[in-house]
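Undergrad: With these hints in hand, go ahead and build the complete structure from the sequences.
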Amino acid sequence: MTVPEHDDASSVLRAVTAAAGGTAHVHLVGRLAPETAPDAVAHLAGLLQGYDRVVVDLDELRVERLSLLAVLARAAHDAGGWPDARLALVARDTQLRQMLRAAGVADRVAVAHGLDLALDRAERRPAVVDASWTFPPEPEMVGRARREVDRRLAAWAFPGDPEDVALVVNELAANAVEHAKTTFTLTVTLDRTGLRIAVGDRSPLPPVLRPHDPGAARGRGLQLVDSLAEEWAIVDRGEGKVVWAHVAPGRR
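The sequence shown begins at -16 in the numbering used here and counts up one residue at a time.
Bear in mind the hints are in silico, worked out from the structure with no lab data behind them.
Derived DEER-like restraints, expressed as beta-carbon distance ranges:
# : residue 1 : residue 2 : range
1 : Asp103    : Gly126    : 35 to 41 Å
2 : Pro189    : Ala1      : 47 to 53 Å
3 : Lys164    : Leu98     : 47 to 53 Å
4 : Val(-5)   : Glu123    : 43 to 49 Å
Quick caveat: nothing in here was measured; it's all calculated off a predicted structure. All residues carry an ideal CB built from backbone N, CA and C; glycine is no exception.
TA: This is the structure:
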């Protein structure tokens, strides 16, 4: 099925979109600036949720500053991340491809100098992939968090031990449910160094790493995280916190 070409007009940036089958082709025309970036992200994220893959031609895009290129990768994240959201950027200009690499975009989405290569690279896992989920503070959400991460690790062909990851996810999510008692967001990020698991909640009270007590029935969650993770930390976010742990890829 072919969808007719249409324009999403803006005074400074247009997204000219045509689609065939499961692929949407987008030409970004105009200036990518702070005031136009949110609309560009929303438009691309919407397409990524509706099509198998989205290819964006950047030949007619003018970028106000290097950091703004990161919004292109943000669209893939907002749409669910690879492989649920397969985004490829076509940049025929060598300098633009260098800018995409410098901004870290080429690590997170496919970048190529031509359409065919872009489509091919969209099917491969990027060097950096992530996914996020937000859950209510209900006990059954701990198991759901584990299942979501397990499904994503399988899709990513995670080179580490998924059982270690499941244990860490379980403990961090359980801490958020039992102690923070607020909505929590789980984010997993896989890169060349391993897997980062982060759980953010709205409670400012940090979890406590208690001394080892073999007879204790509870309260040993962070001890388990400490033993399985290469490193972990608690980050104060003002009105809440993030507890993260890093699991090395070769651990089995």
